[in-house]
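Asks: In case you want the letters, here they are:
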Amino acid sequence: AMLDPDRGLSLTIARVVQRLQASSLHSQLERQARVSLHKPEIKLESLKEDIKDFLKTSGWEKKLQNAVYSELSVFPSPCHPAAPPEHIKEPLAYMRKAQGSWEKRILKSLNSMCTELNIPLAQKRPVNEQKELLNKWNEMGTDEPDLSLFRPVYAPKDFLEVLMNLRNPNYENGDQPSFRNHLGLIQVPLKVKDIPELKEDFSELGLNIGQLGIDDSAQVPPEFFENEHVHVGQKVLAEQDSAAAQQYVRQGCPTALRADLWALILNISNQPEDILYYEQLKSNVIQHDLLVDSLIYKDVKLTASNDDYYFVFEDYLYQVLLCFSRDTSVLEHFAYSSATPPKSYIRGKLGMEEYAVFYPPNVKYNSFILSVAPLCFLYHEPSKLYQIFREMYVRFFFRLHSISSHPSGIVSLCLLFETLLQTHLPQLFYHLREIGAQPLRISFKWMVRAFSGYLATDQLLLLWDRILGYNSLEILAVLAAAVFAFRAVNLMEVTSLAAAEAVLADLSTLKVMPLLQIFLFATVT
Amino acid sequence: FRIMAGKVKWVTDIEKSVLINNFEKRGWIQVAENEDWNFYWMSVQTIRNVFSVETGYRLSDDQIVNHFPNHYELTRKDLMVKNIKRYRKELEKEGSPLAEKDENGKYIYLDFVPVTFMLPADYNLFVEEFRKNPSSTWIMKPCGKAQGKGIFLINKLSQIKKWSRDSKTSSFVSQSSKEAYVISLYINNPLLIGGKKFDLRLYVLVSTYRPLRCYMYKLGFCRFCTVKYTPSTSELDNMFVHLTNVAIQKHGDDYNHIHGGKWTVSNLRLYLESTRGKEVTNKLFDEIHWIIVQSLKAVAPVMNNDKHCFECYGYDIIIDDKLKPWLIEVNASPSLTSSTANDRILKYNLINDTLNIAVPNGEIPDCKWNKSPPKEVLGNYEVLYDEEMAQSDGADRDLRSRPGQSPGVKGSRARESGKPVLTTWK
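Those protein sequence lines, which keep their order, are chains Y and A.
Sequential numbering from 4 applies to the first sequence in the numbering used here.
Sequential numbering from 324 applies to the second sequence in the numbering used here.
Simulated from the structure, these hints should not be mistaken for lab results.
Cβ atoms here follow ideal geometry from the backbone N, Cα and C, with glycine treated the same way.
Errors might be hidden in some of the hints.
[What the hints assert, rightly or not] With a straight-line Cα cutoff of 27 Å, these simulated DSSO-like cross-link-like pairs (lysine-lysine) come out:
(1) K601/A with K514/Y
(2) K514/Y with K698/A
(3) K541/A with K514/Y
(4) K387/Y with K601/A
(5) K645/A with K387/Y
[What the hints assert, rightly or not] Where chain A lies over chain Y, by a calculated footprint (3+ residues, C-beta under 8 Å):
(6) 266-272
(7) 315-322
[Unchecked claim] Partial selection, computed: residues in chain Y whose CB lies under 8 Å from chain A:
(8) N141
(9) E142
(10) G187
(11) T258
(12) A259
(13) R261
(14) D311
(15) D461
Could you put together the complete structure from these sequences and hints?
Replies: Now the structure itself:
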């Protein structure tokens with residue numbers, strides 16, 4: 004049902020107010036207002052106005068603005084006051100159902116692993132083990148527990164199989180001729196953008212607009228773009244304006260400013276209570292052992308430890324991921340995610356809520372790891388690193404692991420990728436399909452990891468600048484298509500899936516911004 | 324009469340594929356040492372023989388070798404320190420602003436080698452210094468060894484009693500130079516990344532010392548210790564914590580064979596810019612270039628600048644947590660062994676670019692050439708310092724050549740073609 008825009012707005016306002024009233028910012032503002040009563044410029048006759056002015060000049064209004072902006076960015080607008088909560092999670096019933104089955108499958112797999120190995124999903128750690136873990140908290144990478152019996156819960160291609168089998172039961176093949184011609188792996192008719200729409204959405208990536216990743220290369224004198232861009236970035240940071248920062252990073256972040264700009268956009272300020280929260284999570288890790296922990300260990304060992312860039316940060320990855328798997332505040336995001344967290348109880352405490360442990364659902368542990376690792380290049384204080392990662396997860400990355408109809412969800416990204424390729428490189432698409440190398444089979448793993456572990460770190464960070472700037476993951480699908488376009492000549496000559504994989508095996512030399520620009524703005528459509 | 328228009332004949336006594344593949348890809352011909360050869364990539368033992376009084380022989384104009392006869396002035400730990408100390412004193416004597424000292428008597432621009440003494444010769448001087456900071460840690464290194472062999476840490480005088488006894492016996496009962504040690508103040512506040520200690524390996528090619536012309540390889544790397552760094556004294560014996568030599572790290576339990584515990588210098592740069600800011604990162608890299616050039620200038624006067632010679636050094640540098648770089652040592656024969664696939668590629672390209680500069684056009688060399696290659700052949704090398712060009716640019720270069728003094732330091736990116744790119748402190 005169509006919602007009257009005013010109604011929608013007032014609902015949104017009500018929700019934001021409700022959430023902010025419960026936040027620490029609210030008590031801080033109250034405190035500030037009370038403190039200001041002692042100031043000479045606050046007069047009784049014009050109390051309300053004077054306090055408002057004070058909050059403005061002291062920067063507190065800006066903090067409030069940022070908090071509101073953050074809420075709006077993260078939570079979707081309500082569709083209808085009568086809409087049930089499931090609809091906010093995911094409006095399409097068949098998607099909800101598919102996500103539900105997928106979760107059941109994963110939980111089944113976890114449970115059977117527990118039974119096989121005779122390890123509980125969760126248990127309290129004996130005291131001496133707790134002490135030991137606390138001692139080596141900063142170097143868990145040196146541990147070599149026997150992980151040979153642990154299997155990864157699932158591989159990217161398992162997830163891809165599930166997505167390929169999604170069908171909308173209300174949809175008849177004959178209804179939409181345009182979709183009947185879709186020859187890719189995804190067979191659900193979600194709406195995805197075409198290049199003219201993408202050009203509009205990503206207009207700041209246009210050919211005549213300066214970009215970091217292009218206009219800061221060694222051949223370009225810095226007076227041309229870079230110096231001014233850095234200057235603007237410094238001003239944005241001085242103003243502490245989230246919305247301005249988000250607009251700014253569309254043209255890329257200067258490396259020295261990136262950490263602060265991302266924190267500003269994600270509204271992370273690392274307050275004492277945030278540090279305390281992190282310490283609490285850490286003590287949860289010390290006290291309780293989860294099956295998931297071993298899976299995390301195994302995956303870190305398999306992926307980050309072997310990565311040219313990220314091996315250095317192995318220890319930080321354990322610290323972040325182990326805490327994350329116990330962070331119940333993450334549960335809030337399930338209100339707008341199609342996923343529901345499986346719940347488990349500490350052994351012997353079945354049914355007792357305070358001993359409940361939530362598993363981040365559909366945790367493709369590999370993907371987690373590689374989405375934490377690049378952040379280690381920016382933040383080396385553990386609680387800040389943790390918060391940044393958590394915020395990135397609840398805003399973006401969770402959509403890569405759950406089945407939904409959201410435009411930034413993995414299903415839409417896959418469909419967007421395939422559509423772009425089929426529409427603009429039809430010869431290449433048909434050729435690859437003919438030889439049994441459906442393009443999505445190759446690009447899926449890139450998108451599900453937001454390209455982490457495939458691109459050089461500096462390029463990855465430039466890409467993630469734009470994810471934050473546009474508050475969308477669609478750029479991942481566009482980049483995937485751009486990579487295929489870039490290597491089209493070689494790909495046209497291959498005759499097998501393995502050969503196609505080989506052509507696209509090494510993305511570490513790619514420069515993402517030129518690829519994106521050329522694909523969007525300089526390709527004849 | 325030699326046939327000049329022929330293929331280069333090469334010899335080597337270092338059986339490494341990164342070398343041999345490079346010679347073969349140029350169509351050069353392998354010959355034996357006793358035959359007529361044009362290019363000999365030799366070990367340091369061999370260069371000693373070639374230039375020794377008893378076994379040496381004259382090289383002809385069409386013969387090139389990869390070491391300077393007395394490279395050890397730079398590559399032996401004790402001689403390097405000696406030469407740098409001498410260089411500083413000379414500058415001080417002539418009143419050069421480079422030799423300026425701060426209020427504590429430390430050189431402002433030339434304090435880049437940790438305090439070092441020779442043992443047993445300087446034992447008493449060392450004790451004096453040690454007593455000023457009795458809680459400090461010192462690192463003992465044998466002068467003549469490589470790959471981390473024989474190195475150990477001490478924090479008590481009793482641990483080096485042996486050298487005290489030896490110093491008291493007649494100084495004429497000299498140790499053979501193989502048993503001489505240097506003892507240096509251990510840098511116990513290294514910059515840590517991910518909690519791990521690392522050092523920098525940079526490759527520097529010198530084609531001539533007088534005038535000094537040297538190149539820096541852009542693709543240097545960081546070598547990480549596999550174990551978390553701790554300054555705790557209980558771990559002094561654990562060489563895996565303290566030494567970054569790959570030869571040592573390779574035997575640690577955690578050594579990884581895919582990335583070999585290495586990072587590229589550009590990774591380091593990205594990390595430092597992201598976490599510390601651009602200015603301090605640029606300043607750090609400028610200082611690194613500075614100390615390399617100063618170390619070469621220090622030995623230039625005593626180097627036998629034989630025109631048949633060039634040399635590719637492996638510089639080891641440690642950065643402390645205040646982002647100050649320290650020169651630890653210079654290697655005459657940087658390892659050509661590859662620990663990973665990436666490593667192999669890097670070293671192959673290193674040799675390739677080195678040969679392109681040292682043996683122009685891959686043709687039979689004439690050692691009398693001006694050693695000024697066109698910039699197209701530099702490959703991954705960048706000009707670090709070109710004395711001739713620097714002097715032709717006008718007046719007193721040294722006065723203006725101070726790190727951190729020139730405004731608008733831009734780091735090592737080329738902005739104008741043709742200019743030496745790394746000398747932003749000019």
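Asks: Can T258/Y be said to touch chain A, with a Cβ gap under 8 Å?
Replies: With Cβ-Cβ at 4 Å, under 8 Å, it holds.
Asks: Is the coverage entry for the stretch 315-322 of chain Y by chain A consistent with the three-residue Cβ rule at 8 Å?
Replies: holds (count 5)
Asks: Hint validation: R261/Y versus chain A, beta carbon distance must be below 8 Å. Holds or violated?
Replies: With a closest approach of 6 Å, the R261/Y hint holds.
Asks: Identify whether the interface hint at E142/Y stands, where standing means a beta carbon of chain A within less than 8 Å of its own.
Replies: Holds. Min distance 4 Å.
Asks: Can the hint on G187/Y be confirmed by a CB-to-CB distance to chain A that is less than 8 Å?
Replies: violated (34 Å)
Asks: Interface hint check: D311/Y, Cβ to nearest Cβ on chain A, cutoff 8 Å. Holds or violated?
Replies: holds (5 Å)
Asks: Within 27 Å, alpha carbon to alpha carbon, are K541/A and K514/Y?
Replies: holds (19 Å)
Asks: Regarding the pair K601/A and K514/Y, is the alpha-carbon distance no greater than 27 Å?
Replies: Between K601/A and K514/Y the Cα gap is close to 21 Å, so the pair holds against 27 Å.
Asks: Quick check: the stretch 266-272 of chain Y, covered by chain A? Criterion 3+ residues, Cβ under 8 Å.
Replies: violated (count 0)
Asks: Once the shortest beta carbon distance from N141/Y to chain A is found, is it less than 8 Å?
Replies: holds (6 Å)
Asks: Take the C-alpha atoms of K387/Y and K601/A, compute the straight-line distance between them, and say whether it is at most 27 Å.
Replies: holds (21 Å)
Asks: Check the hint pairing K514/Y with K698/A against an upper bound of 27 Å on the C-alpha distance.
Replies: holds (25 Å)
Violated hints, in rising order: 6 and 10; the structure is consistent with all others.
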